Each structure stands twice: as structure tokens, then as C-alpha cells.
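Can you make the complete structure from the sequences, with help from the hints?
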Amino acid sequence: MSEQRFLALRTPWFLPCLLALCLALGCSSKAGIKSPELPARHWLEEAPGVPVENKSKLEAVLPNLYDPQKSFSFEDCVFLTIQQSPQLVNSAVEIEIKRLAQTSAVWKYLPEPRILLTVSHNLTRYNMDTRDTPSDYGQPMLRVNFYAPFPNPVATYFEHQAQRIMVNMAIATHRKAVGKAIQEIAQAYLRLQARQKTVQAQKELLPLAKELVNYWKHVEQVEGRQGVALNAAMQHQRELELELEQSQMQEIMQRTQLKILAGVEPQQRLNVDTASADSILGNFEGRRLTWEERWPTTEDELLLRAQVKLADYNIMLAWAQYVPDMSIYVNQSPPAGQSQPAHGTDDVFLHMNFDFPLIDWGRRHRGVQTARMQKAQAFHEIARKRTDYSNKWLQAEQKTALTETQLKLAKTRLDTANMRYKEADISFREGLVELPVLAEAHERLVKARIEHIKAELEHRLAQLAWMTVATVLQQRFLGLPAREVMQ
Numbered sequence: 001m002s003e004q005r006f007l008a009l010r011t012p013w014f015l016p017c018l019l020a021l022c023l024a025l026g027c028s029s030k031a032g033i034k035s036p037e038l039p040a041r042h043w044l045e046e047a048p049g050v051p052v053e054n055k056s057k058l059e060a061v062l063p064n065l066y067d068p069q070k071s072f073s074f075e076d077c078v079f080l081t082i083q084q085s086p087q088l089v090n091s092a093v094e095i096e097i098k099r100l101a102q103t104s105a106v107w108k109y110l111p112e113p114r115i116l117l118t119v120s121h122n123l124t125r126y127n128m129d130t131r132d133t134p135s136d137y138g139q140p141m142l143r144v145n146f147y148a149p150f151p152n153p154v155a156t157y158f159e160h161q162a163q164r165i166m167v168n169m170a171i172a173t174h175r176k177a178v179g180k181a182i183q184e185i186a187q188a189y190l191r192l193q194a195r196q197k198t199v200q201a202q203k204e205l206l207p208l209a210k211e212l213v214n215y216w217k218h219v220e221q222v223e224g225r226q227g228v229a230l231n232a233a234m235q236h237q238r239e240l241e242l243e244l245e246q247s248q249m250q251e252i253m254q255r256t257q258l259k260i261l262a263g264v265e266p267q268q269r270l271n272v273d274t275a276s277a278d279s280i281l282g283n284f285e286g287r288r289l290t291w292e293e294r295w296p297t298t299e300d301e302l303l304l305r306a307q308v309k310l311a312d313y314n315i316m317l318a319w320a321q322y323v324p325d326m327s328i329y330v331n332q333s334p335p336a337g338q339s340q341p342a343h344g345t346d347d348v349f350l351h352m353n354f355d356f357p358l359i360d361w362g363r364r365h366r367g368v369q370t371a372r373m374q375k376a377q378a379f380h381e382i383a384r385k386r387t388d389y390s391n392k393w394l395q396a397e398q399k400t401a402l403t404e405t406q407l408k409l410a411k412t413r414l415d416t417a418n419m420r421y422k423e424a425d426i427s428f429r430e431g432l433v434e435l436p437v438l439a440e441a442h443e444r445l446v447k448a449r450i451e452h453i454k455a456e457l458e459h460r461l462a463q464l465a466w467m468t469v470a471t472v473l474q475q476r477f478l479g480l481p482a483r484e485v486m487q
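All residue numbers for the sequence shown refer to this note's numbering, where the first residue is 1 and numbers rise by one.
Worth flagging that the hints you see were computed from the coordinates, not collected in a lab.
Calculated pairs, DSS-like style, for lysine-lysine (alpha carbon to alpha carbon, straight line, at most 25 Å): (1) 399 to 180; (2) 454 to 408; (3) 411 to 197; (4) 309 to 375; (5) 217 to 203; (6) 259 to 180; (7) 197 to 399; (8) 399 to 411; (9) 422 to 197; (10) 422 to 411; (11) 422 to 454; (12) 197 to 70; (13) 309 to 98; (14) 422 to 203; (15) 411 to 203; (16) 108 to 98; (17) 375 to 385; (18) 70 to 259; (19) 108 to 309; (20) 203 to 447; (21) 259 to 454; (22) 454 to 180; (23) 197 to 447; (24) 399 to 454; (25) 385 to 309; (26) 98 to 180; (27) 408 to 422; (28) 197 to 408; (29) 259 to 197; (30) 447 to 422; (31) 203 to 454; (32) 447 to 210; (33) 454 to 411; (34) 447 to 411; (35) 197 to 454.
Quick list of the computed label-pair ranges, beta carbon to beta carbon: (36) 238 to 415: 27 to 35 Å; (37) 257 to 112: 49 to 57 Å; (38) 376 to 415: 57 to 65 Å; (39) 332 to 361: 33 to 41 Å; (40) 275 to 390: 32 to 40 Å.
Model, not experiment: these values are computed from the prediction. By construction, the Cβ of each residue, glycine as well, lies at the ideal position given by its N, Cα and C atoms.
Pasting the structure below:
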């Protein structure tokens, strides 16, 4: 075999191999590149779900983040969390993913032109000596084909509509995640404020405990006692100091939890204005509302209605599978009866292909039935969620009533302890009782005040939970969900 013939045989294999090698080298050169990291402002650049009137507040938070004089109110912390909280990353990025999917669905309306390059070569040469053999017999041949498959028009339309619904559902899901973050921030502010009140109350006992220790020292020096009362007073003083230290550590932990929730480094200073916690509940009165009125304002109701609408589109997508596949080919492959002569010039032909399935063994019918049953599931899920929402409303109302009773009980006990303290104070000033009696009454008063702070916190947390169920808290920052987007 001559060298030219050997090269001719190797040529068609060399080109695909060279192309595959180039692709492999291109892929391997990028294999070690680190995936790009999304900055915090990137994934929430448009702040989906936040009303326009709140955009200025949203943008004004970050520039003051590192200002040492800045004191973050509850509202400031909410907007800071919306901007950069790591808990909101997944739902925010999911919006961008769904938007890209919607864009891809739009482009499916157009056919996708493609080019097919075919390199052919003889493996055998049985006709080399035939009289009518063309001059290029046995040589590599390159043939170019053009074709454009048409997407299913019915399926494309309903897929586009479904992707539009998916984008709106992603926004609603993100709003739901933001609402949960707002609730957690509100809980943190209320707990932090209650902890600060507790610390202030516990600090009142330290001077009294110190004074009581000095009292027993003086008594033992005068009366010559054995020091049992003095040791007990010193132990009690140490106990109060440890309780104060424990409360201060719990306050630090509460601040750290708030920083983590807001997406701030735990080491970074974050001045919190706990006085703004008084405005969280506002004038909320759950008993003036009904769950039937508030159910349409929830993101769950919006998402469930979208699921039913999406199920309708899925049914139409299943029916669209009956539409035949269509494609256009432009090539030099002649149909029957139009073959070129041996030494003629190849003609270019236009082919319209319609692909009809003869028997699909019920696959399309089962797809339609499955889509219908999925719609039934989505429809019944609305009824289940609606009942679940009414149960949550009832539980929130009962929890609020219980904590309200507990708060009244704690207030009554605080008033009783205050009356006994005043009585002990009057008796001490008149010389009827000694300092230990007054100190004991004062300590009971402080502990009753601490219990009242705890009961008040539980009541406010119960109101907050009810407020969240009623979507009143989320509505303050996010507004009502856009019901028209699911139509």
C-alpha cells in the first residue's frame, strides 16, 4: 500500500481524534478552576418580594454596618438580614435559577438549526475496476447536512406558562423564608430585652448581699457567735454573683445568635437598640381578626393555588405528547426515484419529516392520567393546609390566653411581694425587725420581678407567634403577596 493511500485511509479517523483531543485539553485546563462565589449583594440585587417603599431602607442599612455609633433597631436588623443573611441564600438563588429556566422555555418556541458534517471513506474497494466508477471513488468524502428540529408547539407554550408560575412560586417561597427570619429576629430582640431587664434586677441584690455579710460580721464580733450565719451569707452572696454571671453570659449568647442570623461575623460589634422591641407587637390584637380573613394573605395559600394551576399545565403538557415531532432537513440525500447519475452533480433536497408513533403501549395515556391525579392531590392539599392553618390559629390563640393568665398571676405575686417588702421596710425603720428579714423580703421582691419578666416574655412571644400566623408581622415589611401573578 502506497504512502498516499495509507494517509487517505487514516485521514477520516485523524480529524475526529484531533477534535476530541482539543476538547479534552480544553476541559482539563478548566478542571482546577474554583467555582465563582456569589457576593452577598449579588443574589439579592433586586430584593424580590420587598415593596418599593422599603427599598430605600434596604439600601441604607449596609453603609452603616461598620459605623461604631450606629445602633440597630429591630427594623434595621430586619433589612440587614434581608440583605445578607446566609439563611436566605438558597431561596434567593432559586429565584434566579427559575428565571433562567423561564428564559430557556421562551427560546424553545424557535427551531434549533444544526449542521451535520459527515466524513466517509471506503473500507473496501470491490468496485475499483468497474467501468462507471467515479474518479473520486475510494477517496475521503465530506458531506454537509443542515437540519432544524421543531419543538412541540403545544408543549412549548404550556412549558413557558409553567416556568412563569415556577418563578412566582420561587419568589413566594423566598418571601416565606424572609418571614421566618423576621420572626426569629423579633424573638431575639424580645429575649434580649428581657435578659437585660433580668440582669438589672439581679444587680440590685449584690449590694444587699454585701451589706448582709457585713451585718453578720458585726453581730458575730459583738455576740461572739460561731460564724454559721456569716458563712451562709457569704455563700448566698456567691450564689447571687454566679446567677448574675450566668445571665450576662446568656445575654452574650443571645447577641451572638442575632449576629449569626443577620449574617454578621460574631466577632464584629453590633449595637442593638433593645428598646425598639416594644414596637414589634404594635397594636396587634389577634382576637379582632379571624383566620378566614387572614388565610388568603398567607404565602402557603398562594403557593397551593399555584400548585393547582401548575397541575393544569402539566395535564396539557401530557396531552401535548400526542403532537407529532416535526423537523426540516437540507442535504444531498435523494429520495426514491431521484438518484443522481454516476457522474452527475449532487442535488440539494429539502425534507420535511413528521414523526407519528403507531403504538406507544399506553404511555401517553398514563401520563395524562398521572397528571390528573397530581392535580387532585394539589386540590386536596389546599383543604388540608387550610384546616392545618385554622388549627395553628386556634393553638396560637389558646397559647396567648394561657400566657396572659400566667402573666396576671405573676403580676399578682409581684404585687404581693412588693406589699410584704414595704411592710418589712416599715418594720425595719421602726426597729421591729432586723436587716435579715428586710433582705429576705427584698430578695423575694426581686425574684418575683424576675418571674414577672419571664411571664411577660412568654406572653409577648405567644403574641408574636400569633402575629406571625396571621402574617401581620411579615406584611409590615413585605406587604401582601401579589395574588395576580398566579393567574
